[in-house]
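Peer 1: Please work from the sequences and hints to get the whole structure.
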Amino acid sequence: MSHNIKITARPERTLKHNLYLPAIYAGFKVTFKHFFTNLNDINAVETLRYPEEQPTDISSRYRGLHRLTHREDGTEACVACFMCATACPSNCIFIEAQEREDGVDEKRPKSFFIDTLECVFCGYCVEACPCDAIRMDTGIFSLTGDKREDFVMDKEMLLSHKGAFGEEVSCARG
Amino acid sequence: MSQLVKLIIDGQDYEAEQDSLLIQLLIDKEIKVPYFCYHESLGADGNCRMCMVGIEGQKRPQIACDTLIKEGMIVNTKTDTIKQVHTDILELELINHPVDCPTCDQAGECSLQDFYMEYGLHSSKITIEEKVKHNKAIDLGSNVMLDQERCVLCARCTRFTDKITGTHELGIVGRGDEAKVTTMPNRPLSNPYAMNVVDLCPVGALTSKDFRFSQRVWLLESADGVCHGCAKNCSIIIDHNKLKYKDDTIYRFRPRRNDAINGFFICDTGRLSYRELQENRQETPLLDGVKISEDKAIEKAKELILLYKRNTSIIIDANLYTQEIEAIVAFAQEIGADVYAPLDIYRDEAFGDDMLRSSMRAANAQTIINMDINTQKPKKVGLILNFNHPEKFESAATINFLTHTRAETALTLPIATFTESSGSLTNEDGITQFSKKVIHKNIPVPTLIESLKRVSQ
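Keeping their order, the protein sequence lines are chains A and B. Quick note: the first sequence uses the numbering used here, first residue 1, plus one each step. Quick note: the second sequence uses the numbering used here, first residue 1, plus one each step.
Careful, some of the hints might be misleading.
Here are the computed distance ranges between Cβ atoms for each label pair [to be verified]: (1) A:128 with B:3: 50 to 58 Å; (2) A:57 with B:125: 41 to 49 Å; (3) A:57 with B:129: 36 to 44 Å.
Calculated from the structure, these hints are not laboratory results. We treat Cβ as the ideally placed atom computed from N, Cα and C, and that holds for glycine.
Peer 2: Next up, the structure:
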């Protein structure tokens, strides 16, 4: 056990440290700097008048609400491989697979549910997907509903969400 | 008994029978060696070339599956040359592979995936567009689906139909990259053991139509079980799971190796028997076809037993566990009832064969015979207690203990199926196996012994 412990020397405390006053001064300097700047110019305050004002800094990396991407023929790109459901740490993806009869692929999801109340928006499903079929690039960050069922997204809802940053078609299943 | 000889593998001393197969020793001693075509039940074929090992004194690497063990042999499985050989041969096997793992049911239990992670990790020198195209999703018959693109031509399936069933339905036609497994035109795969090729296939070329897309294999839990299809009692693996917000469900039965009983295989009827097991379950007590509470049903049963004391017959299903049968016999002595287990209904001469199917289609019939239980039909009496026996007998009153629903008006108490309770079974050759409780339902149905305890209190 002892060989795993690395002992580091404590930094020496000088009078400057023990007085605390220099540190308090440094802290209040920042606080008062912002206070007087904002008092002079109210527009410098870094807040947003939400919901009248919407955020403008949502980038393509932002993990918003999920969507299922399409193929070029408009059908779903998902092949129900369960990679997202397997990777999901909150087990909130529920898939049922079925034979795909149109000859495009062998398999398709019969049903695909994401319970967004259980979802932690970690993005593992997107990372895991081998078909670029699930993405979180809708830019939707706010979800509202009257009852719990409103937050369970089914396949049709997920397919209807539009990507906020182009690339409508799956890169892997074009 | 042939002579034991000494040999050295990777610097370790081993002893083995002279002229036995080197690959078998490697498998037994858990020395890692990749292989597709070798299978203990089918013997060496030497066509996949994956199991290359270095043998000192030989110019080039040799396949372990067709190498006979000789005295003083020095075998290397971990040299750089051998590792390179494994990678190169795997690359050849994968050259025309469609890499459609997301849609393939074998994913998760696929030798190609395992070997790629262990020996491959190379990047392909060929694009998807350049790969040779074959047919996909061909229904071969007997619930077997063929995907010719995923096939590595190990010929395990064709050797199974040649050597084990002797039905010769499958063959490999064509040469080079045109070679593919197929059946004769209009001659589908049709034999009672056909679905074993699905287990034999090391890749996703042969998959089960029954299991197709129903679950991903890594989400399944495997438990040991015993097939209740006939008096043979083949050892099986029960693949089941309890998904979030769902109930414990069985998705497939697979054969479990048991050299004393079934070897490596099971019949298709036994394999598919899990479906019937889960359908039309008797879950609540019934009286005159109406659901009643469990307490009321037990009360009613006690009343009837008291009313017809000394005028009762008990009928036992020959599929019950030995412990359950013993409990019923003890209960019968307590209330002074006669015990019968009519076996005629289980006899099905058309079902039996000389491989794994017995014409006695009751799992524990041997115990009934061993315990000297009357196998005749019961005489007409006041009350009949039917413990899941498929037949209906005439009587003034009946109490049924059923696993599955039936058109019944009599008092019916639900009991657990064999996967939901534990006990032992003796097969027709006298081999006893213990079977554990595998399925844990959200709302458990009482086992026969639990119900019996409550009725006899």
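Peer 1: Taking the hints in turn, state whether each one holds.
Peer 2: The hints, checked one at a time:
For residue 128 (chain A) and residue 3 (chain B), the Cβ-Cβ distance of about 55 Å falls inside the hinted range of 50 to 58 Å, so the restraint holds. Range check, residue 57 (chain A) to residue 125 (chain B): about 44 Å between beta-carbon atoms, so the 41 to 49 Å window is met. Our hint of 36 to 44 Å for residue 57 (chain A) and residue 129 (chain B) holds, since their Cβ atoms are close to 41 Å apart.
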